[in-house]
Amino acid sequence: MTHRLLTLCALVLLGLTGCATTGLEGDRGSIERHVGENRQAAEINTELAAGYMREGELKVAMEKIRRAIRFDSGYAPAHHVHALLLQRLGEDEKAGDAFARAVRLDGENSDMANNYGGFLCSQGDYERAQAMFRRAYSDPLYETPEYALVNSGRCYQQAGDQAQALAQFRRALDEGARQPGALLGVAQALLETGEADEAAEAMRRYESRHRHTSRSLGIAIAIDRAVGDEQALKNHRLILRGRFPDSPEAQALEQGGSR
Numbered sequence: 000m001t002h003r004l005l006t007l008c009a010l011v012l013l014g015l016t017g018c019a020t021t022g023l024e025g026d027r028g029s030i031e032r033h034v035g036e037n038r039q040a041a042e043i044n045t046e047l048a049a050g051y052m053r054e055g056e057l058k059v060a061m062e063k064i065r066r067a068i069r070f071d072s073g074y075a076p077a078h079h080v081h082a083l084l085l086q087r088l089g090e091d092e093k094a095g096d097a098f099a100r101a102v103r104l105d106g107e108n109s110d111m112a113n114n115y116g117g118f119l120c121s122q123g124d125y126e127r128a129q130a131m132f133r134r135a136y137s138d139p140l141y142e143t144p145e146y147a148l149v150n151s152g153r154c155y156q157q158a159g160d161q162a163q164a165l166a167q168f169r170r171a172l173d174e175g176a177r178q179p180g181a182l183l184g185v186a187q188a189l190l191e192t193g194e195a196d197e198a199a200e201a202m203r204r205y206e207s208r209h210r211h212t213s214r215s216l217g218i219a220i221a222i223d224r225a226v227g228d229e230q231a232l233k234n235h236r237l238i239l240r241g242r243f244p245d246s247p248e249a250q251a252l253e254q255g256g257s258r
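In terms of numbering that gives the first Met the number 0, the sequence shown has 75 at position 76, counting the first letter as 1, and numbering is strictly consecutive.
Calculated from the structure, these hints are not laboratory results.
Accuracy of the hints is not assured; some may be wrong.
For each label pair, taking beta carbons as the anchor points, the in silico distance ranges come out as [said to hold, decoys possible]: (1) E126 <-> G175: 24 to 34 Å; (2) L57 <-> T212: 24 to 34 Å; (3) K58 <-> E142: 38 to 48 Å.
For each residue, glycine too, the CB sits at the ideal point set by N, CA and C.
With the hints as extra help, turn the sequences into a complete structure.
Put into structure tokens, the structure is as follows:
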């Protein structure tokens, strides 16, 4: 009996006392079918978990994702969804472990790298966060590098590096970014670096393309004050109070804050 055959026998022990050479191919096929079925079950349960998480059914989502991992612990998307769910539940240490495992299992998945970067940034681990964002937006096959660039910019802002933040937001726009985060990021970074007139122009571009949120109105009000545009300030205050009266920005406005 060859070493290869002995190894296979050890792997497929089913309570038998021997292993016949004539069953080699059948055993291999059985193993492959079993692995394939487990992967399919993991995929289905991962999709279900993601769906339940979107619907806010977090307990059911956790049951499904744990089931997915039991079926196939090497399925990277399952660990990715598990990480997102744990992060949402505030279990940051476990979420970090799950993110790291997902990225180890599939180092070429830029969506995973981007999301892991966002998590690391939220934990104040800026250097590793930027490494993950870089992995994502440098991937020539990644269809949406602008998302990773915007996240990178926001992370630089959080770290207090407005110059790098501005550079990343502008790169995102060069990549054709249409999401509001890129233009809003440029406006805020320009304001923070003392370029108020340029910030006001960026805000006008934002307003021509996107509907205001409470956050964007808070930034607009700060820009209005910086450039001394009383009419724009009045308009933005009215919109904030009318549409987002309970927002943190509206509360700050009532207390005399700039945001």
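Against the structure, the hints come out as follows:
1. E126 <-> G175: 24 to 34 Å: Given range 24 to 34 Å: holds, Cβ gap about 28 Å.
2. L57 <-> T212: 24 to 34 Å: holds, 25 Å
3. K58 <-> E142: 38 to 48 Å: Between K58 and E142, where Cβ atoms are some 33 Å apart, the hint is violated.
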